[in-house]
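J.: Since the structure of chain H is already known, use the hints to place chain L on it.
Residue numbers (numbering that gives the first Met the number 0), protein chains in the order written: chain H, 0 to 447; chain L, 0 to 524.
Honestly, the hints are just simulated from the structure, not real lab data. It is possible that some hints are incorrect.
What the hints assert, rightly or not - Straight-line C-alpha distance at most 25 Å; calculated SDA-like pairs for lysine to any residue:
#, chain 1, residue 1, chain 2, residue 2
1, H, Lys202, L, Val49
2, L, Lys412, H, Gly151
3, L, Lys523, H, Pro209
4, L, Lys148, L, Thr167
5, L, Lys412, H, Gln152
6, L, Lys523, H, Ile88
7, L, Lys521, H, Pro209
8, L, Lys521, H, Thr135
9, L, Lys412, H, Leu141
10, H, Lys136, L, Gln390
11, H, Lys374, H, Gln148
12, L, Lys521, H, Gln148
13, L, Lys44, H, Ala298
14, H, Lys90, L, Ala28
15, L, Lys319, L, Lys384
16, L, Lys384, L, Glu231
17, H, Lys136, L, Val520
18, L, Lys450, L, Val49
19, H, Lys294, L, Phe36
20, L, Lys521, H, Leu91
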Amino acid sequence: MKRTILYIYLLPLLFVASVAHAQQELMLSQMPDAWQQSSLNPAYFPKEKRIVIGLPSVAIDAWHSGTLSYNDLFRDENGTRFFDFGQIIEKLDPVNEVSYRQRIETASVGFRLPGPGKSAITLGHAIRLNSNITYTKELAQLFWEGNAQFIGQTIQVAPSTRTHDWHELSVGFSRSFGKLRVGAKVKYLAGISAFITDPQANKMSIYTNPDIYQLEMSTDYGFYSAGIVSAIDTSGLGFDVVTGEFQNGFSGANSGLAFDLGFTYDITDRLTVHASAVDLGASMRWEAANYFHSKADYAYNGVTIPGSDIINGESDLNFSDKLDTLNDIFQFSKITTNFSTAVPSRFFVGANYAFGKRLQVATSLFHEQGNAENKTSFGVSAHFMPIKLIGVGLMYAVNDQSVTNIGAQLSLNPGPIRFFVASDNLGGVFSPLKSPRVNVRTGLSIRI
Amino acid sequence: MKKLLIPCLALFALALGCNKSNFEIPEIADHTAEFAFPLFNTELKVSDLVDNILQENTTGDTIIVNADNTLTLFYSGDVTESKATDIFQFFADQLPLAVDSSYFEVPVKTPDGVALYRADLSGGNIFFVIKNTMTEPIDIRFYIPQLSKNGQIFEYAFQDIPAGGQATIPAVDLKDWVINTSNNLITFNYEAFLQDGTPILRLPANGGIPAIFGLMQQVTFTYLEGYWGKVEYGLSTETIDIDINQTNLTGNVQVKNPKVTITVFNSFGFPTRGLIKYLRFVAKNGDLLELESPLIQAGTEIGIDFAYPSFAAGEVGQTKETVFYFDETNSNIAEIFNSEPVQMIYQVNGLANADDNQTLVGFLTDSSSVRMNVKVELLLEGSLKDFAADQTLALDFSQFSDADSPFDEAEFKLVTENTMGLTTNLQVYFLDVNTVAVDSLFANGPQDVIKAGPIDPTTGITTGSTRTETFIPFTADRFNRLRKDAKSAYLKTSFTSANDGTVPVKILANQSAVVKMGVRVKTKI
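The following block holds chain L by itself, in its conformation from the complex:
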């Protein structure tokens, strides 16, 4: 037995020791690992949006951050300017003057209802030709008492004009000359004498042509003073685009306290009343919606009296500002804006001396004008219900052509922290080459990916932030299908204000929405 023990132990040991071991270089076993890491984060600030609007705006539309961080959106038309020189025509371009007596009256050409008292001229000229239609030499003095310069009236004297001869008053530049008249008349006078001192009451005409004739032309002024009677004239006609909802999708926008503000800068030196002939909106469907207000009464003289610089108060050269508006207190504008108008059209006329004051003295200068700016003013406070925006993006997954992608499945985690009072609902449809949806981002329908912050219904201002987490699973098979078929993505987004669009909310400049995404990826290694 002892003799067998050692060989048996040795053989047993050898048998164990000779086990084959596979030392070839092994391959890494397939296994699944799951990694989680962040993808991106961003903060969408209302203030950045405001800056963007202000930078990109080319239409005059603007947005104002108010002291309490509320925002006011303005849709503005062009500033219209009606110049006095365009509205009121004084002095004819050319005024022929046939002076057929020693006292010859000519009325100044003025608009209807206006009587000139004084005109400070800035240009134009006047000249005369005096022909001696007598049979012997004459002396003559020609003058215009209403036209003066530096206190000296317009006056010319000629001596010993031979019979049949003539004298000429060359073209006189009327710059700095002043017309002073009490009855809107200018008189041309002359005193003629023979050489022996015999006065000539009237130089006879020659073949029907007056002995004295002249021309007053291209007269301009720097200042006019006179009586303005009651007269209506056109001021402004304008169209303003209002693009609250630039999409073709349905949505229910309830704007709180919309306002149309009309600002008038008036330097006409007499009372003017603005008569709004019409102010109407074009609805999305093309219907015309008339703004109804006690201040708009077609066919009447009801209107808005513009502030004006007073002659009596010595306010020549000043400009007075008048601001008036239509809001829900004096019009049906709130009702109109709930139908999402796209355009506003208006016409405003002016009515001078509406009270028909017969002793009124007014004035104009060569720069007098009425400038008018009309704005649609929307405080960003209101309610939305399924207010929609859509966008189609081209897709190109060709760079992910590797069918042996190591990704097994992924779950994206979208997190939003929103201090705005709006909920954003999103769905993305993946479309094939025929724009037929082959898949959608959310299998269970559109998701509220950004939920409105908690709202104080009494102020319409959010009181904090709402965090929303949305998980978006993606399998490798699903991605491969999209890689092959999806050519575009149709993003359908809709916004609803707090409490399902029932509570008006304010959008404040200091509000924002943090959007960030991470992903858990299961990989096949």
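For reference, chain H alone in the conformation it holds in the complex:
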């Protein structure tokens, strides 16, 4: 069961493809009056509303470097679907990155304080997951096609990952000062689990000697684990990864704080500018976690048979004793340690211009900082509300990898209820399995 849960975590990271490189949520930042915008800018509070209840909503942002889609992994033959990893190997880059970010907002509420309504308080809870996996094309080739193609070559197969999920409890406050509205939010982060490879120990190479294909392996590979891998059992012939109990509640031991800051400024009745910084200082410290480290050089030369045994006609040549040594390849050691994980900070700057009650144009600039590689994207959108019940929008966006990203949003507004679905990538919404990227955001709220 533990392993199944582990796969549920990891497999989507391999299967989902996109060209985006961060949970940018450009469309959400440009949408008119979406309560979930408060997750991007704490100053936001719907105008002329006193109470807002946020119902469960989901944001998923997944991508894979290159041009792979989910369907590239499968083919149908006589009505049966086959998993065929071989179809994508040629499309892989020498080094590939998979990212999966998920935000499940379980509930939130916002209300204006009694009085003139200039001040508002928000409360919210979300479960967030950030995961990045980097792997080499050689690892995929080794896994699917075997090592014979690498005879005489040293290949690097060490994958790296930063995967962690956590609870987020937030308390926000915003207040208007004339045309300016500022807001701040404090977020308490409670870690659930983490699996982080050690960037200082991220080497795992395999050399297949052209002589008689002796295998030489060298490892300097370490990873931190909290709540996932609790032990690696190399006794006997097995290589068993023992998983720990996944945490579904607040562990209390693994916690941290984060801050959101933002403002909106109504330059005119039609033109509003806004800026925000979210997840400032977001980090969690994981207590009493495990650190596994493998630093070994191992050579497998086949079974060494003493020549004297052959000459003596020895009939009891013991092969199994030699095979036992395979267990010694990795020689993982385990220590208990503490470590920290950080959540990248995101920054938004944008403007909205309303041509009337039904048409609005918007733009925003997004920047993420905190990972090894910073990300920036820019989008321009138009939003049209033909009737009060329905709103639609289209967005053109440019990011680090593509200049042809088309986003869209559809919102429904029956009475106090507001539901929307938005994406920074239109193709990914309607055909996520064929699309090279998936970015989708839903929102449901009741505004009074």
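T.: This is chain L only, laid out in the frame that chain H set:
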């Protein structure tokens, strides 16, 4: 137009969004992967082979690592020992002594041509009965001057033996008694007197029976000294098996410098010449091949003079060693060994005092012997051409009965690194239940799987290692066929020395052959 825009966009979006997706659990697609990994490695050392030969040898054959790491193989027969006491018969088992006069001579029993001067006795006994055949009492003294112990001769005296009475000399243990004689004779003497002092020259016989009679029996010695004349006697006849090629297959073995070494340990105290009556080999086809040498001349006294301990030099008790050999310089042995003999038969006789020295004084002790060891000595240097060995192994592939084997095909890679000067050619035939070949390991015929190391033709010693790579492909179909039909494997191996068997090579103890194998396996997953 505006009114249609939104519904059209909505329908378009729904149409795209309602694409059916198959989320059933997929099966893993068939695909082929190819894995390469090592199987085994080993090093066959000549030194291990030598150790094995030495441990398992029960026939006296042995192999010696020389100081320069060359190897010498010895085929050895039993050490034959010819004891002097078996060859030379001294003293009769029983010697009746009828002393019919006061001076009675008896010759010592010796082999032909041998005259005894001295004998140190280690056993036996002698006794006498003296009967008074006179009519009145007598006194008598009986003695043997050649027989003494601690300087005292053998002597007994009896007084007043009544007429018709008798006196007895009980059985005397002859241990530590010494016989000293100058002419191979022992004399028995007595002096008898009547009571009035009248001497009796001869006691009369009684009814034909001498008045004094006795018996000397079971006499043994520790030392004999005397004159050894020229006499021939048998020493050793032996057969030695020589299994250079234990197979029935053809092969051309050219052994360089074979040698038959005869070692003699001689403690006979007189000159002995070894006469090799014959030394012949039995060829593989049963033919007898005579060793021809100037030292082997049937019907003559030509032979090899054994070293011996000299009486004159005071070397009593010593053993002298003589080593002589037949090689290509003094015989036709090289020619004989090129025909791969399987047995050697020889007979050696001894010829004492071959020069017929009439003044020769020699000796023997009770432990004197001639021990002889004959060895066939082969320095492991020679040339081979298609020297073959074969072996049949039972096969049982029943454990691989799964017809759905994931293996599609495999290619075994056999690598050898050989510092020996021999090339090994191998083919394996897979035989069915009727011993009919259904397949062979190498489709293109036997392969040189271990090639000889580079050789210095002037020394016959390899100067490095030769690496040989042999690839052996196997498809799943081929393996399935063997799995069903093959019941045994016939391994046919042949060895050829460097340069196609034309150059003699040395096999050194520090040489070896590394044999290792890996495999590339294509699997259907």
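J.: All hints are to be evaluated individually against the structure, with a verdict given for each.
T.: Status of each hint after checking the structure:
1. Lys202(H) - Val49(L): Violated: Lys202(H) and Val49(L) sit about 47 Å apart, past 25 Å.
2. Lys412(L) - Gly151(H): Roughly 15 Å separates the two Cα atoms, so the pair holds.
3. Lys523(L) - Pro209(H): Roughly 23 Å separates the two Cα atoms, so the pair holds.
4. Lys148(L) - Thr167(L): Holds, at roughly 20 Å.
5. Lys412(L) - Gln152(H): 18 Å, holds
6. Lys523(L) - Ile88(H): Distance ~18 Å between Lys523(L) and Ile88(H) Cα, so the pair holds.
7. Lys521(L) - Pro209(H): 17 Å, holds
8. Lys521(L) - Thr135(H): 23 Å, holds
9. Lys412(L) - Leu141(H): 21 Å, holds
10. Lys136(H) - Gln390(L): Not satisfied, since the Cα-Cα distance of roughly 49 Å exceeds 25 Å.
11. Lys374(H) - Gln148(H): Status violated; Cα separation ~36 Å.
12. Lys521(L) - Gln148(H): 11 Å, holds
13. Lys44(L) - Ala298(H): Judged against 25 Å, a Cα distance of about 24 Å means the pair holds.
14. Lys90(H) - Ala28(L): Holds - the C-alpha atoms of Ala28(L) and Lys90(H) are around 18 Å apart, at most 25 Å.
15. Lys319(L) - Lys384(L): Violated, at roughly 43 Å.
16. Lys384(L) - Glu231(L): 46 Å, violated
17. Lys136(H) - Val520(L): The given pair, whose Cα atoms are some 22 Å apart, holds under the 25 Å limit.
18. Lys450(L) - Val49(L): It holds: about 21 Å lies between the C-alpha atoms, which stays within 25 Å.
19. Lys294(H) - Phe36(L): 22 Å, holds
20. Lys521(L) - Leu91(H): 23 Å, holds
Of the numbered hints given earlier, the model fails hints 1, 10, 11, 15 and 16; all others are met.
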